[in-house]
Structure formats: C-alpha cells, structure tokens
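As they're listed, the protein sequences go chains A and B.
Using this note's numbering, the letters of the first sequence correspond one by one to residues 1 to 219.
Using this note's numbering, the letters of the second sequence correspond one by one to residues 1 to 219.
Don't read these hints as lab results, they were simulated from the structure.
Treat the hints with care, since some could be wrong.
What the hints assert, rightly or not - Computed far set for chain A versus chain B, every beta-carbon distance over 12 Å:
| id | residue |
| --- | --- |
| 1 | Trp10 |
| 2 | Ile35 |
| 3 | Ser51 |
| 4 | Leu78 |
| 5 | Gln89 |
| 6 | Val96 |
| 7 | Glu115 |
| 8 | Phe154 |
| 9 | Leu189 |
| 10 | Leu210 |
Claimed, not checked - Coverage of chain B stretches by chain A, computed from C-beta distances (three or more under 8 Å per stretch; other residues unrestricted):
| id | region |
| --- | --- |
| 11 | 118–125 |
| 12 | 130–138 |
Ideal placement from N, C-alpha and C gives every residue a C-beta, glycine not left out.
There are 2 protein chains.
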Amino acid sequence: MKISEYFPIWEQLTPAQQQRLEQAARYSRAEKGAILHNGSADCLGLLLVCSGQLRGYILSSEGREITLYRLFERDMCLFSASCMLQSIQFDIQIQVEKDAEFWVIPPDVYKTLMEESAAVANYTNELMSTRFSEVMWLMEQVMWRSFDKRLADFLIQESVLEGTTHLEMTHEKIANHMGTAREVVTRMLRYFQQEGLVSLSRGAVDLVDLPALKQRSEA
Amino acid sequence: MKISEYFPIWEQLTPAQQQRLEQAARYSRAEKGAILHNGSADCLGLLLVCSGQLRGYILSSEGREITLYRLFERDMCLFSASCMLQSIQFDIQIQVEKDAEFWVIPPDVYKTLMEESAAVANYTNELMSTRFSEVMWLMEQVMWRSFDKRLADFLIQESVLEGTTHLEMTHEKIANHMGTAREVVTRMLRYFQQEGLVSLSRGAVDLVDLPALKQRSEA
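All chains, full assembly: derive it from the sequences and hints.
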C-alpha cells in the first residue's frame, strides 16, 4: 500500500512535500468496535481510509450517540486531528464499524502542508464542506422529519451498506446511530412489523418489504 | 469605510491582490428584515459585515426556521457564496436583523484569492470551522435538550388527567414517571418558573400559563 495512491491531491504536492508525507504517515489497522478517536481526549492525526468502514458520531453527557457520517475507502477524516484547526469547538468520536486499514497523518505535518500549499488548504476546505453538508442534512432530518421516515431511511441505507436485507443490529445500536432512545426505536419497529415492512427477531431486523419501506421514507 | 480595515488577513495579501479586492468589493447597506441571500437561488458573494446584525438560518419545506448563527461587525459569511465551494450541499438564508452595512466580495474574486493564497484558504478553513462549531452546538441542543418539551408535555397531560392546573407532585415523582433524575426535573421546573410557565411550592407545581407550556411542548 502506498500513500501516493490514496492521498487525494498527491500530484499537487512538491517532491519534498511528498517525501515528508510518505515518511510521516503510519499505516495502521484496527478491528471492528475499536475507538480510534475520542473527542478532545486526543489529537490522533488525519485518517486516510484504505479499507473497511469507520463512523463519526457525537456523544451526549448521558452517553447517547448519534452517527454523523461514515468513512469508506479513500475518505479522509479531519476531525481526528481537530487540534489542527483552532476554531473547531466540538468533539467527535471515531469508531471502526468494519475491520479497517488506514494511514494516520500526524496533525503537525498536515498543518505545515496546509500552510505551505494553497492546494492542500483548499482540498481541506472541500473536505470540511462535505462533512458540514452531511451534518446539515442530519440537522434537517432531526428537526423536520418524522421519526418513522428517518427510521425507514436508516434501515434502507444500512441494507445497502451491508448488502443484505437481514440486518444484525440490536434496537440499542439503531438508537445509537439515530440519536434516540431504545424504546423509541422498539416502538416504531413494532409498528413497522404490524404494517408488514419488517420482521423482528432477537438481535436482528429483516426488511421484508423494501418498496413499502422506501415509500414510507419518502412519504 | 475601507475594506483594508475590515478584511481579516489584509496584510497577508500581495499588493496586487489587495488592489483586486478593493476594486471588486462593493459597499452596500440593507434594512432590518431584508433577505440578503436565499439558499441556492443566488450566489451573492461573501459578506463582510461593517455594522448591524445578520442571521443565518435554514428553512424547512413547510416554512419552519431555525437560526444557525448570528453575524456581527467584522464577521464574514461564506455561505452567501456557497457556489464557490463545490461540496456545500445545503441552503442557508441570510436575513438582516438590525440595519446593516457590509461589503460584498464577488465569489469568483474570492475563489481566485483562495486558489492563489494558502493564507486566504486557511483563513476560510477557520471561518468554516467556526460556523461548523456553531451548528454542532445547536445540533446537540436539538438532539439532547428535548427534555423541556417532554416535561412540558407531561405537565399538560397530568393536568388533563387530574382536571386541575394545581399538580400535587414532588419532583421525585415526576422524575420517576419520566425515567430521569430528580435534579434534572428540578432544574427544568425552576427554569419554567423563571419563564413564567409554572409556579413552584412545596410538593406542588401550578401551571400558570398553559398556552405557553403547550407551545413549548410542541416547539
């Protein structure tokens, strides 16, 4: 694995910058469930994903969670290096959802690149805009979309990500993705089951009528 | 009014860039209530506030609003030039809250500056991080400060059940009904009292403004 094949604007770096990045980045791996970055408790560095799946989420003081975004192959995560940007005043957690391999770019190395190179700084801007857009989408969902539509949407998205209509997820885990309480999820899933959209079993949800679920998510 | 006195990183621009900015920026004013920027309907340019007060907000398809941030003297607004950043996928409205004077910097002029100057690009990054942080704060409020709505709802339901606005209930009992801690209830009830929604006495809660409570429960 070479970082030159994964770093998004490699060809816009000078040879000296490329060399610095190659030397500083460490290749790493982590298993499903691992917490890579824990809010303001650390400043790990930028993550550049090679394989697997990560999720970024926030945590309430009561331990509730909501998933903000997912990271896949070739995605880069800024917020695991938020110490790099003075104006970032929020804490994000990064967890491994599927066994992952990734590069970790030390924050000081990336910060120097940004200061030297308008291309790197502008790329960083686009990256932040992408995450900002994801959070704004979520904000609008949470503010203005009823929970049944959000849940239908979430189940469909999960089924796309997992490549199956048999989702092995507890109600608790769904609640953590969606920023709500387990009981709220359980109540709505039971309603979905009555409506013939899903079938529930221990620790799993089967999507038995995808077209109807889709219709509900768009209603 | 000279833009050189307001533009945040003026001294980091080259003389040629300074001249370009001076020639391109127009000084403008608008009265309270004016909509300066309407989502994706326009790409006005960056706003650099000289005086007055602006607010950035989003709008639901049903016309509901939520204020995301306020802009005051010397604040700069990126999102009125969101066409400049490809990855911005959301629409923000900008409204004048107090009569305002401001510069408008054309998006193409600013974009060129960002491409040429790492300093401008990095400043833009910090600006975006600031707004992002404001939105994240709001998100956490919306997600996790919903207890006030639950409590308002609970009090109304109890009053319907009891047929009176004088509820003889301890904070402990309310907490037990709602699955939360007594202190959380006490804190919120005291806040409600300050807001003139309820009046507290030993072992009792009087609902003194039902319409306002109802409004809060539905907010």
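Now the hints, each set against the structure:
| no. | hint | in the structure |
| --- | --- | --- |
| 1 | Trp10 | holds, 17 Å |
| 2 | Ile35 | holds, 19 Å |
| 3 | Ser51 | holds, 24 Å |
| 4 | Leu78 | violated, 9 Å |
| 5 | Gln89 | violated, 4 Å |
| 6 | Val96 | holds, 22 Å |
| 7 | Glu115 | violated, 6 Å |
| 8 | Phe154 | holds, 15 Å |
| 9 | Leu189 | holds, 20 Å |
| 10 | Leu210 | holds, 25 Å |
| 11 | 118–125 | holds (count 6) |
| 12 | 130–138 | holds (count 8) |
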